[in-house]
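Visitor: Go ahead and model the full structure; you've got the sequences and the hints to work with.
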Amino acid sequence: MDAVDDPQEEPPAALFQRWVHAHEEDYDDVSVYRPTGYAFPPARGRSGVEFRTDGTFVDHPIGRGDAPASVPGFWHAEDDRRITLSFPGTGRPERVVEIVACDAEVLRLRQPG
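Residue numbers (the UniProt record's numbering): 1 to 113.
It should be emphasised that the hints constitute simulated quantities derived from the structure, not laboratory data. These numbers were taken from a predicted model, which means no experiment stands behind them. Heads up, some of the hints might be wrong.
Said to hold, decoys possible - Simulated restraints, written as ranges between beta carbons of each label pair:
#1 Ala-39 with Gly-91: 34 to 44 Å
#2 Arg-95 with Asp-54: 12 to 22 Å
#3 Asp-80 with Arg-44: 29 to 39 Å
Using N, Cα and C, we set each Cβ at its ideal position, and we do this for glycine too.
Guide: Structure (structure tokens):
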């Protein structure tokens with residue numbers, strides 16, 4: 001797994017996919033995500049996130065009856081670790097997440113604050 005230690009202008013290439021929240025693996029203030037297709041243990045519902053190379057972002061919260069939902073938005077890299085997420089027209093506030101680690105198998109995000 002590659003920690004994001006080297007300065008860079010863009011997030012790691014592995015970020016650009018759909019990720020599913022592996023809440024069993026969360027620790028401290030870090031949320032852990034795995035790619036779709038990962039063999040998760042049973043759960044009532046799982047949220048997720050999707051980063052796209054064109055600057056769009058989709059939050060996939062758990063909807064009614066544990067059904068998936070989708071909230072479109074945008075991402076913007078503040079630096080090599082911090083990404084601002086915005087959701088214009090949805091009433092959701094802008095938020096910043098920090099990439100703790102990212103490779104093809106795991107994404108670890110922290111919400112500073």
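Visitor: Next step is simple, just say for each hint if it's right about the structure.
Guide: Against the structure, the hints come out as follows:
Judged by the Cβ atoms, the range 34 to 44 Å given for Ala-39 and Gly-91 holds: they are separated by roughly 36 Å. The hinted range of 12 to 22 Å is satisfied by Arg-95 and Asp-54, whose Cβ atoms lie roughly 20 Å apart. Taken as a hint, the range 29 to 39 Å holds for the pair Asp-80 and Arg-44, whose Cβ atoms sit roughly 35 Å apart.
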